[in-house]
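Trainee: Please build the complex by placing chain B on the supplied structure of chain A, with the hints as guidance.
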Amino acid sequence: MRIDKLFKVLVVGGSVLTAGCGGGAGAPPGGSRAMTVEADVPDAASAQVDAPAARDASVRADGVSSWMSWFVDPVEEDAGVAEVDVAPADVGPADVGADAQDDASADAGVLAWLSWV
Amino acid sequence: MSAPRDLDERGRGLVAGVWAFRARSEREAASRFERLAAQLEAEDAAAVVVAMAKRAEDDEVRHVEICAELAARYGHRGGAVASEPAGEIGPRSAGSRERLLYEVVAFCAVTESINSALMMVSHERATDPAVRSAVREILRDEVTHARLGWAHLAAERARGGGAGLAAGLPAMLSGTVRDDLFAPVDEALADPRLAGHGELPREVRVEVFARTLESVVFPGLEAHGVDASAGRAWLARARSGASGAIETVGGPRTSGRR
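Chains as they are written, first to last, in our numbering: chain A, 2 to 118; chain B, 1362 to 1619.
Please note: incorrect hints may appear among the correct ones.
To be verified - If you want the footprint, here are the derived chain B segments under chain A, 3+ residues with CB under 8 Å: (1) 1364–1372; (2) 1399–1410; (3) 1426–1433; (4) 1471–1483; (5) 1497–1510; (6) 1560–1573.
Hints are computed from structural coordinates only; laboratory data are not their basis. Positions of the beta carbon are idealized from the N, C-alpha and C atoms, including for glycine.
In isolation and in its complexed conformation, chain A is listed as follows (with noise of 0.2 Å):
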């Protein structure tokens, strides 16, 4: 299996996607930490995020295109099946919302139905 390689497919391929948004002075200590991305596979236990200087790197390099090589032999590959619109980011109003979590569980097994494990 090769689910280690996902990490940087998913998390770091849709992070650089709305890298910037939001941020700035209003920005939390808690917030996303700088991500980089790494050549080839990252570390994915230590891997941090690093974003506008990865969003070329990572969605138009291979982001958009090669992450299937990871998965598919490239023999079967189409060129372009994979297309992620990545447009200008979007800055809106900061809206922290509320922070509890007390009746979450009342929702458990919603998205079982959606899970295919």
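Mentor: Chain B in isolation, oriented as in the chain A frame:
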């Protein structure tokens, strides 16, 4: 498409049931993405996230057709896939934006990451050409759906959101699996040939689930400043076979059967 000949009637029935289940779950996923796209737009989420959610609905509708066709090929006679309601999830006491973040993380960053891993391994083991093609197409889209979740989490954390995610993680994880996932495997029911048709053995699914949490979901949450220790503890309890490990954190279950 002709019915596969390397499976007996029981095997074809099991595979038909699996793909029929997936068709129904994809229908609900389409409904959920439709609602989430509207909510994300209303909450002024990042434009790329809104766009991905809108496209994801179309992806899931296409997946319904793919899965339903395979189910029929293996002999499923269930007919058209009914639309499933996709109610909101998340802590009731949270504000709308935090509740939306919880659902996007649970549904996309967690569930779709797990499904991506499952499809990756399924593709590696699938031998039937039609199944390989289907799994490959679904995998391609599930990756994008998982990225949607991580993209939204990144944006919301940068805004200061997600303070309650760490505490809600056990309940979130409990909601992503069925009660029987960690139960002992009944060898009499195991048929390794099913993997060639898209149904992995349960012990493999458990391993995929655990490894995805350990190497993707938990590190991903931690990279965004969300403490995953409660999730790691939940997984350890579940894997150790502790009786009620899932139920004790999840409350009443509503999961369907595969």
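Trainee: Would you mind marking each hint as holding or not holding in the structure?
Mentor: Against the structure, the hints:
no.	hint	verdict
1	1364–1372	violated (count 0)
2	1399–1410	holds (count 7)
3	1426–1433	violated (count 0)
4	1471–1483	holds (count 11)
5	1497–1510	holds (count 9)
6	1560–1573	holds (count 7)
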